Amino acid sequence: MFDFLILISRYLFIIYIAVFIFQGLIYVVDERKGDPRRLPKAVSIQRSMIILMHITAYSILIWDREAKTININVAVSGIAALIYIFVSYHLLRKIYKHGCPLIWNCMYFLMDAGLIMLQRLNPTLAGKQLIWMTVSAALIMLIPPMLKILPKLEKFQAFYFCLSLALILMPFILGDEENGSLNWIKIKGIGFQPSEIVKFLFLLYIACVFRKPLDFKKLCIVSGFSAFIVLCLVLQKDLGGALIFFVTYMLLLYITTSNFLLLAAGFGAMALASIIAYNLFGHVRVRVFTWLDPWTDAGNTGYQITQSLFAITTWGFLGSGLTRGMPGKIPVVERDFIFSAICEEMGTLFGMGMVCIYMLLFLRGMFIAVRAKRRFYSILSAGIVIMFSFQTFLILGGVTKLIPLTGVTLPFVSYGGSSVLVSVALMGLLQWANGTPAERIKCEEEEEENFENKLSVFGFFKKKA
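Each residue of the sequence shown is one higher than the last, beginning at 1 in my numbering.
Hints listed in this document are in silico derivations from the structure and should not be mistaken for laboratory results.
If you're wondering where the values come from, they're calculated on a predicted model, not measured in any experiment.
Treat the hints with caution; some may be incorrect.
[To be verified] DSS-like, lysine-lysine: derived pairs with alpha carbons at most 27 Å apart: (1) K401 to K237; (2) K186 to K128; (3) K218 to K152; (4) K94 to K373; (5) K41 to K94; (6) K33 to K373.
[Stated by the list, open to error] Have a look at the derived ranges for each label pair, beta carbon to beta carbon: (7) M326 to F216: 55 to 63 Å; (8) H98 to R38: 17 to 25 Å; (9) A138 to S44: 19 to 27 Å.
Glycine included, every Cβ here is placed at the ideal spot set by N, Cα and C.
Could you build all of it, start to finish, from the sequences and the hints given here?
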């Protein structure tokens, strides 16, 4: 019975994600046309696909092959996760009245796919992940009521600056090395990455500075601030994090100033810094060599990436079937290589579908940035989308050998409390920017000057008159 369900599920998972993506495209296209008639139905069908995927997966995972019986603990975990999806989704829709349901759907689909694979790989970590997901949802439910009470977010520019510097320096004093990187802090057994929290503060600070015209002094201060954070992450051997902050800053600087020379100078400096880092740091050379030819030392330095490639390619488009693969052979599979595990057991078509869901988030997020009513929210939204999308590109490119592996997490999918917390919080902030009501804007101290959004460089969106 369960073997038959596993066989059928290989096709069902592809159907679920294909229908989800198709309805997402309907939503995006119809919204741009200004035709809302099919939007509620598209959102409803997407929710149904999430629920069906969850029920199908846990119907397989509850079977204990060794004991040949139902695993009650897994069944309880599956029901608890389903309750979490139902309750948190409806509360978020109620609290974020002007939020985009497509963004919530994409977020929940990705989180559920990650939770399913974590339950398959390590039930203990899956339980912890569900707790972090619940905490994250509770946290972003506080954002709208909190921001209705607080003055403008722009008022806390100095706070974002100082707290960012304090957090990024903490690992040098209290840091705990993990997987070769000194970017973790553990307090009473609970570990977190300060750099994840800094992402949130960094975007708020940059939006505060860029909301008004830049002079040379401001440019030097904000560039020095960004460079300091990047340098700290490089010294902590968090190269992926350093790249994320650098690329986000440079693209936001270009969007704000439209100065191509600044963009070229920035990426030129990055190229020079990469050459210097390659010659100074041995771990950088190892990562480059492993990327160029992982097969030469497949049993040692190239083991992770070769196992990842085997996992992605061995079982083809439909995968081996949930519980039929061997994703546990990949080191750190729950964090860095969970996408490879998903492709192995749920199919490369499912993996490609996940990439499409990230693209839907990118498109809808950029639409929010273009339509934002004030410059601050426009820059903040663009920063969230750029940071989120580039992080996704880094990890997907790394596990598929497109680029050197940098060790960042896959948003919403990989295991990690601080990663999930910040990713969900950024989506909450994006939804707040999307639904900032007109009455709040009128009550703010000053109206920003009309901001002709430079995001049209992406070629898809046009700001409405």
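Here's how the hints hold up against the structure:
1. K401 to K237: holds, 20 Å
2. K186 to K128: holds, 16 Å
3. K218 to K152: holds, 20 Å
4. K94 to K373: holds, 22 Å
5. K41 to K94: holds, 18 Å
6. K33 to K373: Distance ~20 Å between K33 and K373 Cα, so the pair holds.
7. M326 to F216: 55 to 63 Å: Taking Cβ atoms as reference, M326 and F216 lie about 57 Å apart, which means the hint holds.
8. H98 to R38: 17 to 25 Å: About 20 Å separates the Cβ atoms of H98 and R38, which means 17 to 25 Å holds.
9. A138 to S44: 19 to 27 Å: About 25 Å separates the Cβ atoms of A138 and S44, which means 19 to 27 Å holds.
Comparing the model with each earlier hint shows no violations; every hint is respected.
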